[in-house]
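For the sequence shown, this note's numbering assigns the number -16 to the initial residue and increments by one for each residue that follows.
Source of the hints: derived by calculation from the structure; they are not laboratory data.
Small disclaimer: the values here were computed from a predicted structure and weren't measured.
Don't take every hint at face value.
Under the rule of at most 30 Å between Cα atoms (straight-line distance), these lysine-lysine pairs were calculated in the DSBU-like manner [said to hold, decoys possible]: (1) K156 / K107; (2) K133 / K12; (3) K156 / K12; (4) K11 / K133.
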Amino acid sequence: MGVYVTLILLVMAVSLDSLGLGVVYGLKKIRLSFLPMMMIAGLSALIFYVAITAGNMLNDFLPEHAGENLGAFILIGLGAWFLIQLIMPSKESGEEKEPSTWSSPSDILKDPELADMDNSGSIKGWEAVLLAMALSLDTLGAGISAAFMKLPSLITALSIGFMTSFLLYTGLKLGHRFSKCEWVDKAVVVPGIMLILLGIFKLV
């Protein structure tokens, strides 16, 4: 599998959860304006760049070809962890929603409305930072894995930032347009499955 094919698949797998979150916000009429969206995209790209830079430093100490195999195993583990997090019940499930000062990033992936901590109907300020953290849970491991697979650091990071903002915007529009999107709940498993398959393909 070529470097740029791997790059495209990795960017899609890491960024695809943005689409599901955007659809939920569109359906629930939760506003996400341009500035918070750019903040989320920028933080996602920055977190990935830091991770891939750290991975490049670690890769210098690994035997030849060992890094690629390790990177593939990291992707598989990351995809499995992502799926397990979706299956596990949220800490706030079954509780009445009220303004909160903190929700864990993994809970936000399962219930995106938790990012609207003040129940104002819009994502702003620190809520955007928390949402970026939720979307970047898989970015840290993917960044280290990308370094082991010799992917270009800056291009991959910028691609993730762009794709995150694009899919968030697309999801918002889809959510506003359709009142019923039963496929959303099932589609949230796609990023985890993609990461696992990408890791397997790199091992073959």
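Unsatisfied constraints (hint numbers, rising): When the structure is compared with the hints, numbers 2 and 4 turn out to be violated.
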